[in-house]
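The primary structure of each chain is shown beneath.
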Amino acid sequence: MPSCRKRRDWRREVRQLSDWKAEVEEIVYPGKICVPYSWTVGSTLSKWYVQLRDDGEIWANRCPTCEKVYVPPKVKCIQCYKDMSEWVKLPGTGILETYTVVYYEEPGLHPKKPPFIYGIIKMDGADTGIVHLVDKVDPDKVKVGMKVEAVLAKQREGNIMDIKYFRPVA
Amino acid sequence: MERVAVIGVAQTKYEKGKRETFHELIFDVATRALADAGITVADVDNVVSVSSDFWDGRTISSMAIMDAAGAFGKDISTVEGDGTFGALYAMMRLLSGSFGVTMLCAHHKGSESNMNGITNTSFDPLVERKLGLDAISSGALQARRYMSRYNILEQQLAAVSVKNHGNAMRNPYAMLPMEITVDDVMNSTMLASPLKKLDCSPVCDGAAAMIIAAERNAKKLTTNKKRVWLKGVGHCTDAYRLGDRDLADTRALKQAARKAYAMAGVEPWDIDVAEVYDAFTYMEPMWLEGLGFCDDGMGPEYIERGVFNSDGDLPVNVSGGRLSANPVQVAGLAEMIECVLQLRGEARKRQVPGAEIALAQGINGMCGQSHCVWILGK
Numbered sequence: 053m054p055s056c057r058k059r060r061d062w063r064r065e066v067r068q069l070s071d072w073k074a075e076v077e078e079i080v081y082p083g084k085i086c087v088p089y090s091w092t093v094g095s096t097l098s099k100w101y102v103q104l105r106d107d108g109e110i111w112a113n114r115c116p117t118c119e120k121v122y123v124p125p126k127v128k129c130i131q132c133y134k135d136m137s138e139w140v141k142l143p144g145t146g147i148l149e150t151y152t153v154v155y156y157e158e159p160g161l162h163p164k165k166p167p168f169i170y171g172i173i174k175m176d177g178a179d180t181g182i183v184h185l186v187d188k189v190d191p192d193k194v195k196v197g198m199k200v201e202a203v204l205a206k207q208r209e210g211n212i213m214d215i216k217y218f219r220p221v222a
Numbered sequence: 238m239e240r241v242a243v244i245g246v247a248q249t250k251y252e253k254g255k256r257e258t259f260h261e262l263i264f265d266v267a268t269r270a271l272a273d274a275g276i277t278v279a280d281v282d283n284v285v286s287v288s289s290d291f292w293d294g295r296t297i298s299s300m301a302i303m304d305a306a307g308a309f310g311k312d313i314s315t316v317e318g319d320g321t322f323g324a325l326y327a328m329m330r331l332l333s334g335s336f337g338v339t340m341l342c343a344h345h346k347g348s349e350s351n352m353n354g355i356t357n358t359s360f361d362p363l364v365e366r367k368l369g370l371d372a373i374s375s376g377a378l379q380a381r382r383y384m385s386r387y388n389i390l391e392q393q394l395a396a397v398s399v400k401n402h403g404n405a406m407r408n409p410y411a412m413l414p415m416e417i418t419v420d421d422v423m424n425s426t427m428l429a430s431p432l433k434k435l436d437c438s439p440v441c442d443g444a445a446a447m448i449i450a451a452e453r454n455a456k457k458l459t460t461n462k463k464r465v466w467l468k469g470v471g472h473c474t475d476a477y478r479l480g481d482r483d484l485a486d487t488r489a490l491k492q493a494a495r496k497a498y499a500m501a502g503v504e505p506w507d508i509d510v511a512e513v514y515d516a517f518t519y520m521e522p523m524w525l526e527g528l529g530f531c532d533d534g535m536g537p538e539y540i541e542r543g544v545f546n547s548d549g550d551l552p553v554n555v556s557g558g559r560l561s562a563n564p565v566q567v568a569g570l571a572e573m574i575e576c577v578l579q580l581r582g583e584a585r586k587r588q589v590p591g592a593e594i595a596l597a598q599g600i601n602g603m604c605g606q607s608h609c610v611w612i613l614g615k
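From first to last, the protein sequence lines are chains A and B. Take the first sequence: its letter number 5 is residue 57 in the working numbering, and every next letter is one higher. Take the second sequence: its letter number 13 is residue 250 in the working numbering, and every next letter is one higher.
Do not take every clue at face value.
Below, in silico cross-link-like pairs of lysine-lysine (DSS-like), each with a Cα-Cα straight-line distance of 30 Å or less [stated by the list, open to error]:
| id | chain 1 | residue 1 | chain 2 | residue 2 |
| --- | --- | --- | --- | --- |
| 1 | B | LYS496 | A | LYS120 |
| 2 | A | LYS84 | B | LYS250 |
| 3 | B | LYS456 | B | LYS496 |
| 4 | B | LYS367 | A | LYS195 |
| 5 | A | LYS174 | B | LYS491 |
| 6 | B | LYS457 | B | LYS468 |
Hints were generated in silico from the structure; no laboratory data involved. Note that this is a predicted model, so its numbers are computed, not measured.
Only chain A is shown next, with the shape it has when bound in the complex (with noise of 0.2 Å):
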């Protein structure tokens, strides 16, 4: 009858595998993969962290085609595909052009305790934005469009930490 083969095909369908549980005893393993890795900074993002580091200075650099200034620097132009010649020191503030006030708690990922506030930064004096922790703001006055600067670690390793975070311009 069709009313029959409709109903078989609909649970066909939708079968749970997991019906074998009730015959086999579920064994599950526990693992964690924990690989070393030394990744290599390059020639460009080395340079940039170096001038963060040792100097406490954010650089950027542009287009020779299209003028486009990039921070993080790049190798070339993602758009022109052109070697990147000039390298300008940028002044450290920006605007805020989006962000989130973050309240899960990821302690293996997370560089704090939320609540705390990612957001981009619209870097004045380059086209592109830099994403970081935003600080020193409450979580419910931050706003899109705030002009932020940054403030830099003391104790600089020469990664995207020496960035402590933004905070909002006085």
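Since the structure of chain A is provided, determine the placement of chain B on it from the hints.
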């Protein structure tokens, strides 16, 4: 160029905590896809799989499932990304002329590992990864940028969750069928503002398989009723760093869509049913704008007016979408399978009457860095 048809499809129910191995899941869907096409594993001579080594916890993850996919004594080649990109590669191998009937399969388990930890590793270890960003927090940055550029309210995005979870009530494969209200979404736990729990797709497990064949084989092996044609495809990628993009801009999707429409010889208004990648609520209106179904920034208003409801002008995510089941690498393939079922008239309670042209759109990379758009037709 020879036409290519989908001749068989199968998928598991999508749910959290599946108790089968990847191998068992692929055996299940591959076997049922072969049965759906009415062919045997001996008819298949090209196998393409889609998986992520990080999520599997195993490198070259396709090798472990090759026999399940029917590749023993043949060849298997893998795409690490969304299922829509796997379908693109499968079709390209087929059209090279070197291969015949092709098995495409995808598997994913979010619940065996840590989603945030894995999506964090997609960020550059030299720059952003140290900040602890993941799919949810970066999605939240994109959501806010989209909302502030076009003056969109959180309530408007919540309506997407209401619509798609409601649609899932009619899809037995979906993980989260729910009758909910805008208030339920607004009151759900805030994860990363403006994204609340019900703005985000769930951690999910599942597998799917699709068999494709060139016209000469398809017509020999299957009946007309089973055949659905892959009419057009387009793909395009934007910048890697979030700060190098305007996250409210959909230029990569616009290009991908343009190519897919041109190849299929259709326009956006020809589409009868669409599945788009709503990993988060805000993505559905953004991608609908990029696909040309409305002007930039107008998506939420159209959704409020019911244009994309299951009984609207263009039903979108009648499956319940990724908000109701998001088996990451499988997701785009599940979209294509939903399109196939709709075009065959086999979508039962969620069938869009008379659907003849369907669209599926998948993404790769954080915040929709890369897009793949498919047009399928009868």
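Hints versus structure:
1. At most 30 Å may separate the alpha-carbon atoms for a hinted pair to count; LYS496 (chain B) and LYS120 (chain A) meet this at roughly 28 Å.
2. Proposed proximity of LYS84 (chain A) and LYS250 (chain B) is supported: the alpha carbons are some 27 Å apart, at most 30 Å.
3. Note on LYS456 (chain B) and LYS496 (chain B): the hinted pairing holds, with a Cα-Cα distance of about 27 Å set against a maximum of 30 Å.
4. The straight-line distance between the Cα atoms of LYS367 (chain B) and LYS195 (chain A) is roughly 24 Å, inside the 30 Å bound, and the hint therefore holds.
5. Under the criterion of a C-alpha separation no larger than 30 Å, the hint pairing LYS174 (chain A) with LYS491 (chain B) is consistent with the structure, at around 24 Å.
6. With a CA separation close to 19 Å, the supplied pair LYS457 (chain B) and LYS468 (chain B) stays within the 30 Å bound.
In summary, this structure violates none of the numbered hints.
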